[in-house]
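A.B. asks: Work the whole structure out from these sequences, hints included.
2 protein chains.
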Amino acid sequence: MTDQAKAEQIVDSYLCCLSEGDLEGVVALYADDATVEDPVGSEPITGRAAIAEFYRGALAMGIKLRRSGAVRLAAGEIVFPFVCASEAMGAPMEIEIIDHFVLNAEGKVQSMRAFWSEANIRPMAAEA
Amino acid sequence: MTDQAKAEQIVDSYLCCLSEGDLEGVVALYADDATVEDPVGSEPITGRAAIAEFYRGALAMGIKLRRSGAVRLAAGEIVFPFVCASEAMGAPMEIEIIDHFVLNAEGKVQSMRAFWSEANIRPMAAEA
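Same order as they appear, the protein sequences are chains A and B.
FYI, in my numbering the residues of the first sequence are 1 to 128.
FYI, in my numbering the residues of the second sequence are 129 to 256.
A hint or two may mislead.
As the list claims (entries may be wrong) - DMTMM-like mimics (lysine to aspartate or glutamate), calculated; alpha carbons at most 25 Å apart, straight line:
hint	chain 1	residue 1	chain 2	residue 2
1	A	K108	A	E24
2	A	K6	A	E20
3	A	K6	B	E165
4	A	K108	A	D33
5	B	K236	B	E136
6	A	K6	B	E222
7	B	K134	A	D38
8	A	K64	A	E94
9	B	K134	A	E118
10	B	K236	A	E118
11	A	K108	A	D22
12	B	K134	A	E94
13	A	K64	A	D12
14	A	K108	B	E246
Honestly, the hints are just simulated from the structure, not real lab data.
C.D. replies: Below, the structure is given as structure tokens:
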């Protein structure tokens, strides 16, 4: 498998596990001492236990994620654009996000940073 | 002007100047001691003179750039997806790239990192 194919597999597993509510599957992508900064500028959280807690909150919102462009891989770092849809706030909405993963030697995510702000949130026009 | 609007202005100026061959316009977006790492994993170059030299080479290839998704701004950092088209290699091709800009207090680009690899290069199907 090429490095690109491996990177796409990690990204698609991430989006799929989050969309299907598979908390263990998401956490398994991370290194034991990984950090998550979501959104960029917030205090990073560290370690699988804290990361599981973070995603438990996200999954409770019934989010659905879909990739919206190519996975870019360079020197063990991955960035990719995606859309996160949720109905948790009463009205359906979407957030346009770009995630940045730094992989460790074992191919686990050592660092995740999510780039988005309120300016990237939009109401959903219609049912998909 | 909102921070988001300022970020979009920086990004659109960058893409427009590169597409129009406006070297001075591109370099003016950068801080004096800025760094450029393109692609991620290559040796970063530092300072406006070296950056101008780098873009002079890129502009010689007659590149045309267009944004392919929303500008994500968080805590003074910007990421955005775009497509870089070129005919310099004989056959028209496109590269799917995500750039990461870190802004300084004056709103100049202090650090640029470009995420792409050969896996993101594709032949162009037809004339635009």
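A.B. asks: Checking against the hints above, which ones are violated?
C.D. replies: No numbers; nothing is violated.
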